[in-house]
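Number of protein chains: 2
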Amino acid sequence: MRPLGYIKSCFKEKFGTPRQPHVVPLSSASIKILGEWNPKDSLSGLEEFSHVWIIFEFHQNENKNFNAKIYPPRLNGQSIGVFATRSPHRPNPIGLTCAKLERIEGDTLYVSGVDFIEGTPVLDIKPYIAAADSKPEASEGWIKRAPDLTLKVEFSEQAREDLQKFDDKNLQAMITQILANDPRNPMDREPSRSGKVLGFFLDNYNVVFKVHHRTALVINIQTREEYDRYTQPS
Amino acid sequence: MRPLGYIKSCFKEKFGTPRQPHVVPLSSASIKILGEWNPKDSLSGLEEFSHVWIIFEFHQNENKNFNAKIYPPRLNGQSIGVFATRSPHRPNPIGLTCAKLERIEGDTLYVSGVDFIEGTPVLDIKPYIAAADSKPEASEGWIKRAPDLTLKVEFSEQAREDLQKFDDKNLQAMITQILANDPRNPMDREPSRSGKVLGFFLDNYNVVFKVHHRTALVINIQTREEYDRYTQPS
Chain B
1 MRPLGYIKSC FKEKFGTPRQ PHVVPLSSAS IKILGEWNPK DSLSGLEEFS HVWIIFEFHQ
61 NENKNFNAKI YPPRLNGQSI GVFATRSPHR PNPIGLTCAK LERIEGDTLY VSGVDFIEGT
121 PVLDIKPYIA AADSKPEASE GWIKRAPDLT LKVEFSEQAR EDLQKFDDKN LQAMITQILA
181 NDPRNPMDRE PSRSGKVLGF FLDNYNVVFK VHHRTALVIN IQTREEYDRY TQPS
Chain Z
1 MRPLGYIKSC FKEKFGTPRQ PHVVPLSSAS IKILGEWNPK DSLSGLEEFS HVWIIFEFHQ
61 NENKNFNAKI YPPRLNGQSI GVFATRSPHR PNPIGLTCAK LERIEGDTLY VSGVDFIEGT
121 PVLDIKPYIA AADSKPEASE GWIKRAPDLT LKVEFSEQAR EDLQKFDDKN LQAMITQILA
181 NDPRNPMDRE PSRSGKVLGF FLDNYNVVFK VHHRTALVIN IQTREEYDRY TQPS
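In order, the protein sequences belong to chains B and Z.
Just so you know, our numbering puts the end of the first sequence at 234, numbered straight through with nothing missing.
Just so you know, our numbering puts the end of the second sequence at 234, numbered straight through with nothing missing.
Don't read these hints as lab results, they were simulated from the structure.
Note that the Cβ used here is the ideal one computed from N, Cα and C, for glycine as well.
Worth double-checking, as some hints may not be accurate.
To be verified - In silico PhoX-like pairs for lysine-lysine, Cα to Cα no more than 25 Å straight-line:
no., chain 1, residue 1, chain 2, residue 2
1, Z, Lys12, Z, Lys32
2, B, Lys40, Z, Lys69
3, Z, Lys12, B, Lys40
To be verified - Between beta-carbon pairs, the in silico distance windows are:
no., chain 1, residue 1, chain 2, residue 2, range
4, B, Gly106, Z, Asn65, 23 to 29 Å
5, B, Pro136, Z, Val197, 38 to 44 Å
6, B, Thr215, Z, Glu62, 55 to 61 Å
So here's chain B without its partners, still in its complex pose (with noise of 0.2 Å):
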């Protein structure tokens, strides 16, 4: 398996990619194809299609042993066989999104509704086909009887004015997208962690948030530069 390319994201670390590609349809990336590709030729044609599946590679999963049966994060604590689910976590490490095709320029296509992380190597690329890939009617599994853990996302006066100062007008709909969907993992859900102060990183951003029962309090939002001059040793 050979990288065709290496995806730019706008979630930079695990903490805050979402984990469906869907929940977050704001969210971009885009792939350069690597030139031995020969992208002019081999994207000819693409451009005419509403979307893509992206094969890629799970690089930052690090977990090396085999578990068939793993915790998905919305069955808060039950466990179920690797192959019902989507989690990196499998025998070999293939993610699998379809992704909204925004345009494609040169070798580098722009693709939004992701849920990939900076870095992700690119193993494949195919036209998505209606005809062979929409099934409306597919039954949900288990996912039907998840419980809700979606959570309710509010903005501190501070983040608000944040917002205004970056004047990026969907990154409150995205960090609303993402948190709501609840990006913690198990451990920080504990009751006993209510209130803990998080932070992810988000294209340029630095979001700062805390959730206390079902909502998110997003604290405040730094640029990067912001954030490093900040956190850096003097």
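Fit chain Z to the known structure of chain B by using the hints.
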């Protein structure tokens, strides 16, 4: 990449294997998960889903050279970028098929509506999640411009007798689905080869047919045993 198991399929050879899974809904395959993946646990919960993604290796892909553009059979001689197609001839030989999950028995999945060949190594199995995977609104790309190359399918008197003898209720419908989608390669579609007698194995049957104008005529159908007896050197 390590195989999870190998496919047993009604399609025994490249010729006669459909190029997309949805065109032969009656086709069927099974996948026995190797013991090292602890199928009892790793498959648990998957039985609740109606559809699954099978990610597999195009293992019969002998062409080791990379071609950025390919000639899809249904474009009748026109070329297009490999990433705008589902062709097996791609940088990483990864196939992606949404199949209907009929049932799971112990370590074995039974699926239908497939396009893979006997012996295919399976790399991953994932549940189909309509919220993320189903995009009925997706645009068709160049496929909407492809000419209609479907064939009318007829059965000779001999073929009808053979079908009656085998008493396999899906066989006629499945042969019709395969031939309607014209399994011939571009060379055999040349007018000079009109009427050439061709054959492929389907399950335990050898199907012999010829195409004239836009009609495929099934000449006869033999069991594999009859075929072997007929063709073996004495």
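- Query: Of the numbered hints stated previously, which ones are contradicted by the structure, given in increasing order?
  - Reply: 3
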